[in-house]
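Protein chains in written order, with the numbering used here: chain A, 388 to 592; chain B, 388 to 592.
Derived by calculation from the structure, the hints in this document are not laboratory data.
Just so you know, these numbers come straight off a predicted model, no measurement behind them.
Be aware that a few hints might be false.
A pair counts as met if it fits within one copy or between any two copies, since identical chains are not told apart.
Derived pair list, reagent style DSS-like, types lysine-lysine, alpha-carbon separation capped at 25 Å [unchecked claim]: (1) Lys528 to Lys485; (2) Lys556 to Lys521; (3) Lys527 to Lys435; (4) Lys554 to Lys411; (5) Lys469 to Lys427; (6) Lys435 to Lys514; (7) Lys427 to Lys556; (8) Lys556 to Lys412; (9) Lys554 to Lys412; (10) Lys485 to Lys506; (11) Lys528 to Lys435; (12) Lys445 to Lys506; (13) Lys394 to Lys469; (14) Lys394 to Lys554; (15) Lys556 to Lys411; (16) Lys394 to Lys528; (17) Lys504 to Lys445; (18) Lys427 to Lys554; (19) Lys394 to Lys412; (20) Lys485 to Lys514; (21) Lys554 to Lys469; (22) Lys497 to Lys556; (23) Lys435 to Lys554; (24) Lys435 to Lys506; (25) Lys427 to Lys394; (26) Lys445 to Lys528; (27) Lys514 to Lys445; (28) Lys504 to Lys485; (29) Lys427 to Lys504.
Number of protein chains: 2
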Amino acid sequence: MDKISDKVINRLTQYHSILGDCIKKGTTTVTSSYMAALLKVDDSQVRKDVSMLNNTGKSRVGYNAFQLKETIEKTLGFKNPKNALIIGAGNLGSALAKYNDFESYGLNVKALFDVDKNKIGSEINTKPVLDIEKLPEFLKKTNIEIAILTVPADFAQDIADYAVECKIKYIWNFSPTVLSVPIDVEVWNENLMGNFLQFSYKISR
Amino acid sequence: MDKISDKVINRLTQYHSILGDCIKKGTTTVTSSYMAALLKVDDSQVRKDVSMLNNTGKSRVGYNAFQLKETIEKTLGFKNPKNALIIGAGNLGSALAKYNDFESYGLNVKALFDVDKNKIGSEINTKPVLDIEKLPEFLKKTNIEIAILTVPADFAQDIADYAVECKIKYIWNFSPTVLSVPIDVEVWNENLMGNFLQFSYKISR
Numbered sequence: 388m389d390k391i392s393d394k395v396i397n398r399l400t401q402y403h404s405i406l407g408d409c410i411k412k413g414t415t416t417v418t419s420s421y422m423a424a425l426l427k428v429d430d431s432q433v434r435k436d437v438s439m440l441n442n443t444g445k446s447r448v449g450y451n452a453f454q455l456k457e458t459i460e461k462t463l464g465f466k467n468p469k470n471a472l473i474i475g476a477g478n479l480g481s482a483l484a485k486y487n488d489f490e491s492y493g494l495n496v497k498a499l500f501d502v503d504k505n506k507i508g509s510e511i512n513t514k515p516v517l518d519i520e521k522l523p524e525f526l527k528k529t530n531i532e533i534a535i536l537t538v539p540a541d542f543a544q545d546i547a548d549y550a551v552e553c554k555i556k557y558i559w560n561f562s563p564t565v566l567s568v569p570i571d572v573e574v575w576n577e578n579l580m581g582n583f584l585q586f587s588y589k590i591s592r
Numbered sequence: 388m389d390k391i392s393d394k395v396i397n398r399l400t401q402y403h404s405i406l407g408d409c410i411k412k413g414t415t416t417v418t419s420s421y422m423a424a425l426l427k428v429d430d431s432q433v434r435k436d437v438s439m440l441n442n443t444g445k446s447r448v449g450y451n452a453f454q455l456k457e458t459i460e461k462t463l464g465f466k467n468p469k470n471a472l473i474i475g476a477g478n479l480g481s482a483l484a485k486y487n488d489f490e491s492y493g494l495n496v497k498a499l500f501d502v503d504k505n506k507i508g509s510e511i512n513t514k515p516v517l518d519i520e521k522l523p524e525f526l527k528k529t530n531i532e533i534a535i536l537t538v539p540a541d542f543a544q545d546i547a548d549y550a551v552e553c554k555i556k557y558i559w560n561f562s563p564t565v566l567s568v569p570i571d572v573e574v575w576n577e578n579l580m581g582n583f584l585q586f587s588y589k590i591s592r
């Protein structure tokens, strides 16, 4: 398949989200017109986008939701692999390092970094745990785009500053604090508290 | 006040986090532009969000940090605590059990459950790790509303069925799979893959 344009990638991620929601509701077949209506695009646009993918699960009544979702995941994952490292080899960092699904989405965790001498030198899911002091050296050798922060909240800002100094441009922040970073650095906050509160708010009504 | 959207809830929890950090540092007044800059959103967005709340502590120089923090807590119902248990005492389950912030947000994790005999009988952050077979008995004694699922994807459906049998009504699912549950059971999927896809999409541009 040829290069996918940003606009198409944008729509694919939205189809992906809709398919996930449909599957959640127990719907196994989804039509192009259903997705088109939700995204306020033309039906033919959805069909054109999907026809570019190597998707097989199409019947007269619509797309197989599971297959199309998987096709989109594969398409996006294989097209844009990104290297990442995890800072903080505690429980959460270890859990993410063991999350093999990330790779099929194009997120390759190359190493973990920590300050704990007992952890440094070990491996988690075949990924080495390295001394945080070795971060600049490691980044010179390896093309890393994303730092995944799983350190305690009190250390998160210092570690983020350090990562930014080491030329990290994207931070996926799992620490429960809001980071202050330069304008050219992107932070994606994985706000578990916020997610819980959305859930909590929903179920208390 | 009308129903609050997920996006607003998410921002409110981030304002809450910023306010907490400010108070820790001894700052008592916080401006909308300060919070807006940290979250890289527009100033007017912050003012609009806050104006929806029944918040009183606003002066010409900014919001009273204590009052706004408390207003957010009241709005989102942190003061109506909910009891939860974690099923799966692996890395992710342990990380969540150690997440002390949950308690200040009204989520009290009472115990963890696992099948691993090496884990059963231990404690994680003062919370006992119990045999999954003891779940029905435990639920009879303790008022638990939420089961947090952190088991591998392959076991998630069986464990969810079991939790539902044990009268659990709310499941916060961290397993990367879509669960099928009866209509009266609410599942909140913590979709890390989907979150990554959005981030990945954003930074690919």
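Against the structure, the hints:
1. Lys528 to Lys485: For lysine 528 and lysine 485, only the intra-copy Cα distance (24 Å) is at most 25 Å; the inter-copy one is 35 Å.
2. Lys556 to Lys521: So lysine 556 and lysine 521 pass the 25 Å test inside one copy only (18 Å; across, 47 Å).
3. Lys527 to Lys435: neither (42 Å within a copy, 44 Å between copies)
4. Lys554 to Lys411: So lysine 554 and lysine 411 pass the 25 Å test across copies only (21 Å; inside, 40 Å).
5. Lys469 to Lys427: Intra 31 Å, inter 24 Å, cutoff 25 Å: inter-copy only.
6. Lys435 to Lys514: neither (40 Å within a copy, 45 Å between copies)
7. Lys427 to Lys556: between (33 Å within a copy, 15 Å between copies)
8. Lys556 to Lys412: Cα proximity of lysine 556 and lysine 412: across copies only (17 Å, versus 37 Å in one copy).
9. Lys554 to Lys412: Answer is between: at 21 Å across copies they meet the 25 Å cutoff, but 43 Å inside does not.
10. Lys485 to Lys506: both (16 Å within a copy, 18 Å between copies)
11. Lys528 to Lys435: So lysine 528 and lysine 435 fail the 25 Å test inside a copy (41 Å) and across (46 Å) alike.
12. Lys445 to Lys506: Close neither inside one copy (49 Å) nor across copies (46 Å); limit 25 Å.
13. Lys394 to Lys469: For lysine 394 and lysine 469, only the intra-copy Cα distance (20 Å) is at most 25 Å; the inter-copy one is 27 Å.
14. Lys394 to Lys554: neither (28 Å within a copy, 30 Å between copies)
15. Lys556 to Lys411: Between copies only: 16 Å across, 34 Å inside.
16. Lys394 to Lys528: neither (33 Å within a copy, 39 Å between copies)
17. Lys504 to Lys445: neither (54 Å within a copy, 46 Å between copies)
18. Lys427 to Lys554: For lysine 427 and lysine 554, only the inter-copy Cα distance (20 Å) is at most 25 Å; the intra-copy one is 39 Å.
19. Lys394 to Lys412: Result: close only across copies, 21 Å inter versus 27 Å intra.
20. Lys485 to Lys514: both (9 Å within a copy, 24 Å between copies)
21. Lys554 to Lys469: within (15 Å within a copy, 42 Å between copies)
22. Lys497 to Lys556: Answer is within; shortest intra-copy Cα gap is 16 Å, inter-copy 39 Å.
23. Lys435 to Lys554: neither (39 Å within a copy, 35 Å between copies)
24. Lys435 to Lys506: neither (48 Å within a copy, 46 Å between copies)
25. Lys427 to Lys394: both (14 Å within a copy, 20 Å between copies)
26. Lys445 to Lys528: neither (45 Å within a copy, 50 Å between copies)
27. Lys514 to Lys445: neither (39 Å within a copy, 49 Å between copies)
28. Lys504 to Lys485: Intra 21 Å, inter 21 Å, cutoff 25 Å: intra and inter.
29. Lys427 to Lys504: neither (47 Å within a copy, 36 Å between copies)
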